[in-house]
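J.: So you can see what is in the structure, the chains are spelled out below.
There are 2 protein chains.
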Amino acid sequence: MNTQAMPSAYAELHKRHQRLHHLTHLKSIAEWDQSANMPAKGNEARSLALAEMGGLLHQLATEPALKALLDAAEQEPLDADQRANLREMRRVWRASNALPQELVEAKSLAGSRCEHAWRGQRQANDWTGYLPNLREVIKLAREEANYLADSTGLSRYDALMDQYEPGMRSAEVDRVFGDLRSWLPALIQNVRAKQATETVREPVGSFSKTAQRALGLDAMRLMGFDFEAGRLDESAHPFCGGVPEDVRMTTRYREDNFLPSLMGTIHETGHGRYEQNRPREWLGQPLSEARSMGLHESQSLSFEMQLGSHPAFAKLLSPLLNQHFGAQPAFEAGNVHGLLTRVNPGLIRVDADEVTYPAHIILRFEIERALIEGQIECDDIPALWDAKMMELLGLDTRGNFKDGCMQDVHWGCGLVGYFPCYTLGAMYAAQWFAAMRRAMPDLDAQIGAGNLAPVFDWLKQNIWLQASRYETPELVRRASGEPLNPAHFKAHLQSRYLG
Amino acid sequence: MNTQAMPSAYAELHKRHQRLHHLTHLKSIAEWDQSANMPAKGNEARSLALAEMGGLLHQLATEPALKALLDAAEQEPLDADQRANLREMRRVWRASNALPQELVEAKSLAGSRCEHAWRGQRQANDWTGYLPNLREVIKLAREEANYLADSTGLSRYDALMDQYEPGMRSAEVDRVFGDLRSWLPALIQNVRAKQATETVREPVGSFSKTAQRALGLDAMRLMGFDFEAGRLDESAHPFCGGVPEDVRMTTRYREDNFLPSLMGTIHETGHGRYEQNRPREWLGQPLSEARSMGLHESQSLSFEMQLGSHPAFAKLLSPLLNQHFGAQPAFEAGNVHGLLTRVNPGLIRVDADEVTYPAHIILRFEIERALIEGQIECDDIPALWDAKMMELLGLDTRGNFKDGCMQDVHWGCGLVGYFPCYTLGAMYAAQWFAAMRRAMPDLDAQIGAGNLAPVFDWLKQNIWLQASRYETPELVRRASGEPLNPAHFKAHLQSRYLG
Numbered sequence: 001m002n003t004q005a006m007p008s009a010y011a012e013l014h015k016r017h018q019r020l021h022h023l024t025h026l027k028s029i030a031e032w033d034q035s036a037n038m039p040a041k042g043n044e045a046r047s048l049a050l051a052e053m054g055g056l057l058h059q060l061a062t063e064p065a066l067k068a069l070l071d072a073a074e075q076e077p078l079d080a081d082q083r084a085n086l087r088e089m090r091r092v093w094r095a096s097n098a099l100p101q102e103l104v105e106a107k108s109l110a111g112s113r114c115e116h117a118w119r120g121q122r123q124a125n126d127w128t129g130y131l132p133n134l135r136e137v138i139k140l141a142r143e144e145a146n147y148l149a150d151s152t153g154l155s156r157y158d159a160l161m162d163q164y165e166p167g168m169r170s171a172e173v174d175r176v177f178g179d180l181r182s183w184l185p186a187l188i189q190n191v192r193a194k195q196a197t198e199t200v201r202e203p204v205g206s207f208s209k210t211a212q213r214a215l216g217l218d219a220m221r222l223m224g225f226d227f228e229a230g231r232l233d234e235s236a237h238p239f240c241g242g243v244p245e246d247v248r249m250t251t252r253y254r255e256d257n258f259l260p261s262l263m264g265t266i267h268e269t270g271h272g273r274y275e276q277n278r279p280r281e282w283l284g285q286p287l288s289e290a291r292s293m294g295l296h297e298s299q300s301l302s303f304e305m306q307l308g309s310h311p312a313f314a315k316l317l318s319p320l321l322n323q324h325f326g327a328q329p330a331f332e333a334g335n336v337h338g339l340l341t342r343v344n345p346g347l348i349r350v351d352a353d354e355v356t357y358p359a360h361i362i363l364r365f366e367i368e369r370a371l372i373e374g375q376i377e378c379d380d381i382p383a384l385w386d387a388k389m390m391e392l393l394g395l396d397t398r399g400n401f402k403d404g405c406m407q408d409v410h411w412g413c414g415l416v417g418y419f420p421c422y423t424l425g426a427m428y429a430a431q432w433f434a435a436m437r438r439a440m441p442d443l444d445a446q447i448g449a450g451n452l453a454p455v456f457d458w459l460k461q462n463i464w465l466q467a468s469r470y471e472t473p474e475l476v477r478r479a480s481g482e483p484l485n486p487a488h489f490k491a492h493l494q495s496r497y498l499g
Numbered sequence: 001m002n003t004q005a006m007p008s009a010y011a012e013l014h015k016r017h018q019r020l021h022h023l024t025h026l027k028s029i030a031e032w033d034q035s036a037n038m039p040a041k042g043n044e045a046r047s048l049a050l051a052e053m054g055g056l057l058h059q060l061a062t063e064p065a066l067k068a069l070l071d072a073a074e075q076e077p078l079d080a081d082q083r084a085n086l087r088e089m090r091r092v093w094r095a096s097n098a099l100p101q102e103l104v105e106a107k108s109l110a111g112s113r114c115e116h117a118w119r120g121q122r123q124a125n126d127w128t129g130y131l132p133n134l135r136e137v138i139k140l141a142r143e144e145a146n147y148l149a150d151s152t153g154l155s156r157y158d159a160l161m162d163q164y165e166p167g168m169r170s171a172e173v174d175r176v177f178g179d180l181r182s183w184l185p186a187l188i189q190n191v192r193a194k195q196a197t198e199t200v201r202e203p204v205g206s207f208s209k210t211a212q213r214a215l216g217l218d219a220m221r222l223m224g225f226d227f228e229a230g231r232l233d234e235s236a237h238p239f240c241g242g243v244p245e246d247v248r249m250t251t252r253y254r255e256d257n258f259l260p261s262l263m264g265t266i267h268e269t270g271h272g273r274y275e276q277n278r279p280r281e282w283l284g285q286p287l288s289e290a291r292s293m294g295l296h297e298s299q300s301l302s303f304e305m306q307l308g309s310h311p312a313f314a315k316l317l318s319p320l321l322n323q324h325f326g327a328q329p330a331f332e333a334g335n336v337h338g339l340l341t342r343v344n345p346g347l348i349r350v351d352a353d354e355v356t357y358p359a360h361i362i363l364r365f366e367i368e369r370a371l372i373e374g375q376i377e378c379d380d381i382p383a384l385w386d387a388k389m390m391e392l393l394g395l396d397t398r399g400n401f402k403d404g405c406m407q408d409v410h411w412g413c414g415l416v417g418y419f420p421c422y423t424l425g426a427m428y429a430a431q432w433f434a435a436m437r438r439a440m441p442d443l444d445a446q447i448g449a450g451n452l453a454p455v456f457d458w459l460k461q462n463i464w465l466q467a468s469r470y471e472t473p474e475l476v477r478r479a480s481g482e483p484l485n486p487a488h489f490k491a492h493l494q495s496r497y498l499g
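These protein sequences, in sequence, are chains F and U. All residue numbers for the first sequence refer to this note's numbering, where the first residue is 1 and numbers rise by one. All residue numbers for the second sequence refer to this note's numbering, where the first residue is 1 and numbers rise by one.
Do not rely on the hints blindly, as some may be mistaken.
[What the hints assert, rightly or not] Straight-line Cα separation of at most 25 angstroms, DSS-like style, residue types lysine-lysine; simulated pairs: (1) Lys209(F) - Lys194(F); (2) Lys15(U) - Lys41(F); (3) Lys27(F) - Lys41(U).
[Stated by the list, open to error] Which residues of chain F face chain U? A partial, calculated answer using Cβ under 8 angstroms: (4) Leu26; (5) Arg349; (6) Val350.
Honestly, the hints are just simulated from the structure, not real lab data. We put the beta carbon where it would ideally sit given N, CA and C, even for glycine.
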C-alpha cells in the first residue's frame, strides 16, 4: 500500500503498525519453534529473547506520540476501511496503555509460577497446595479487571472478556447461555438414550505416527490448507501459530487412537485457513486481524464439527482411513460417523463431545464471573464445581480436583473471561451453516458429493476476508442476517443427534 | 553476570550488548527456519521481517551515545577479560559505523539481484549475461573497501578480509599461500601416482534418507554434539546456524551417495561444537564470539579432515555403516579410509578433496585481491581463471564458465576477502593437531581406540572457551606455541597421503 497517498497522521500510524507486524513475525516464529523444535537447553535464552521482544513491542505500542497521532488521524479524510482500521488502532493502543507495566509483569510472573507448580499439583490432586498460588493470580486478575473497567466503563468481568471477544457482554452471554442451559441437560439425556440402542465398532490399532501424519496431511488438503503458506509439525499441546503468510499448525499422535490427532488437525486447519485468508492487502494493519477468539473458534469448529462430523464427511474420510491404515470394518463410513458423534458425559472439557462440551463452558463462565465480580472466593470453587457438574452432566466430582476444578490451566495462569469464546464459537459455527443452507439449499448434497468449496467460499467471503473491518455484531449480521442466535446451535444438535 | 559491580560506562555497554544478543537470537532462529522449514509463500514476509530487524540492530549498534560510552569505559578500572571485551565492543562499533547506510543497502540490493540472476545464468553458462551484474557488485565492493580502508588504515583488500579474519593481512596470506603454492602441485602429482596403483571399492546403494539421517545423528553423537542444545535438520545448502544455546545444523541427502551428507554433517558438527562451547558466562558479549571465520573453519576441518579422514576414524565409521545400511565389502575400514582420501583434481571447489582444495582457494585469492586493488577488471577474470587452473591443477576450463569462474556465489553477492579463510582454516587445523601430538604423544593410538575426548578437550580449552578473548595471533601462539605455520599442513598431507 502506498502510504504517500494517505493523510499524514494516518500514514505515520500505518507505518508504525507495519513495523510492529514485522517484528511480531519474528516473535511468532520463535514461539512456534519453542513448542515444535526447541531442545531443552535452548529455553532460557529463548525466554530472555522473547521477553526482550515483548518489552520492545510494548514500548513501540505505547510511545507517547501515538495519542496525538490517533487524535489527528480522526480529523483526516479517511475512507471507510481506513476509518475501521483507525478504530482498531485505537483499540490496540487502549489495550496496550490500559495496564501499568508493573501489574503486567507481576501477573505474568505469578501466572508462570502458578502454572509451573500446577503441573505437579494437578497430578497429585493437591488443591490445598494449589490454592494459595491461585489466590495470588486471581487477586492480580481482579486488579487487572479494575484497571480495564476504569478505562472502558465496562463491568469488571466484561472488561476482561472484552480482551478476547471485543464487544461481547455478559448480559449477552447470559441470554444465550441461559437459553442453552434450559434445554441442554434434557437433550443430552435424549441423545444418550438413543445412542444406547446403537452399536459402534472400535477401530483396531495400533496406528503408526507416520501413517497418522500422512492421513493428517491428506485431511488438511481436503480442507483446503495452503501448504505453500504453512506447515504441520508436532508439539506437546496442539496449536495454530506462525504468521498469516506462513501458518504453523501442530498436532500430537497417540498410537492407540488416531481420532484425536485427525480431528485435532481438522480443527486447527479451520484456524489456519482463517489466518491464511485474512485480507492480504491489509496484513500488518489492525483491520486485518482475526475478529475475536470466539470468531476464530467458530472457524475451527466449522471445520471440526459442522463439516468434520457431518454424516457425509465420514464418506470422504472412510477411503483415506482404508488407504493409510489398511481396510477394516470400523472404517465403513456409517461407523466412522458413529465414532465421531458418540456422546458421553465426562469430567474433562478437552475430551468432551460436541453435545456435552457447552456444559463445561457454562459451569466455568458462571464460576469465573462470580470470582471476578467478588461474589465468591477461590476457596468456594470446588463446592460450586461439584454442584454444577451434578446439575449439568449428572457427574459426581467431589474430592476429584485433578479432573475437576484443577483440570484447566486458564485460571492458574490468569486467563479469565476466555472460556465463553469456546461455546460462542460453536454457536456462531452453527449460525454460519444455517445461513449457508438458506443461501445454498443443496449444501448437504454438495458436501455429500465431496464438494466442500461452497463452504470454504462462504467462510472466506463472509468471515476470513472481513477480518476486523466490522465490529462483531455487525460482522455477524452481515454474514448471517441476524444477531447471535442460539436456536441454530440447538437445531444443529437436534438434527444431528436426534434427527 | 551482575552489572551492578561493573564500572558504569562499561556496565551500560554490557547491558546494550546483552540486548543485541537477545534480539539477534530471534533473527538467527528465523534465518535458520527460512532455510530449513519455510514454505515458498512465507518468503516475502520473512524477508521484510528480517530486514526490519537488521535495521533495528544496526540502529542500536550505531547509537550516538556509544562512542562516549566506549571512551569513558577505557578510563574505568577493568579486569583483563573486561578489557578484552571492551576491545571487541569497539571493533563491533567500528564495523557498524564504518559504512554509510546507503552503501550497505545498495550493495545488499545489487548482491541479491546478481545472485538471483546468477542461478539461471550459471546453469546456462551465460558469462555475458552475468558480467554487468557482477561489475555493479564489484564496483560497490570497491567502494566498501575504500571506506573500510579509510577507517582502518589498511589496504583495500586487507580491509575487506579483516571483516572475516580480524588481524589477518594479505602479506601474511602471501607468505603462507606462497609456501603452499611452491609444493602443492608436485604433491598432488605424487599422490595421484601413488593412488593410481590402489583400488577402492565403491559402496553399492541406494541409501535411504531415513538411514542416512540415523547415521548422521550417530556420527554427531560420536563427535560429542549436545542434542539438548541443538538439532539436525535438512536444507538445500547445509550450514550451521541458530544460537550458541541452541545450535541448528542442516544437511542434505543424495540417495546415490551417503558420503557428502555424512562428511558434511561431521564438518558442521565442528562448527556446532565451537558454538555450543563458547564461554557460557560471557554469552551476549563480544568476547564470547567465535574468533574468526578461519578459526571457525579450523574447527569444522578438525572434525571432518583431521579426525574424520584419519585412518583410525574409518574403524569407528565402519560398524555404523554396516548397522545403518547393512554390511557390504566397501564398508571394511581400510576401504572406507580409501573412499575418504581419494584425490582427484576437479573443477568444482565444494566437491574438492583435502589435497586439491587449497589450489581452488589460492586461485580465488589471487584474482579477488587484484580485482579489489584495481589491477584487473571483471572482464579479465575468465582468462586468469583458465591460466591458474591449468597451472595449479592441470585442468582446461576454457569456455566452461559454469564450472569455472561462475561456480561460486561469493563474488556475485559481494563477498570478497572471505575465500582465504577456508585454507587458513585447514592450516590452523593441521597446526592444532601437531600441537596436540606434541602434548599427547599417544594421540593417534587414543583415536584408534575410539577415545576422541582428548581431541575435544584440547579444542575446548584452547579454542572454544577462548572465543575472542585474544586477537588471533595471540590465540594461535597460546594454543600451539608458534604463529601460523604452513609446515604443519604440508606435513599432514605428506604423512596422510604419501606416508
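J.: Would you mind marking each hint as holding or not holding in the structure?
T.: We went through each hint and held it up to the structure:
1. Lys209(F) - Lys194(F): Since the Cα atoms of Lys209(F) and Lys194(F) sit roughly 35 angstroms apart, the hinted pair is violated (cutoff 25 angstroms).
2. Lys15(U) - Lys41(F): holds (23 angstroms)
3. Lys27(F) - Lys41(U): holds (19 angstroms)
4. Leu26: This interface hint holds because 4 angstroms falls under the 8 angstroms limit.
5. Arg349: violated (32 angstroms)
6. Val350: violated (28 angstroms)
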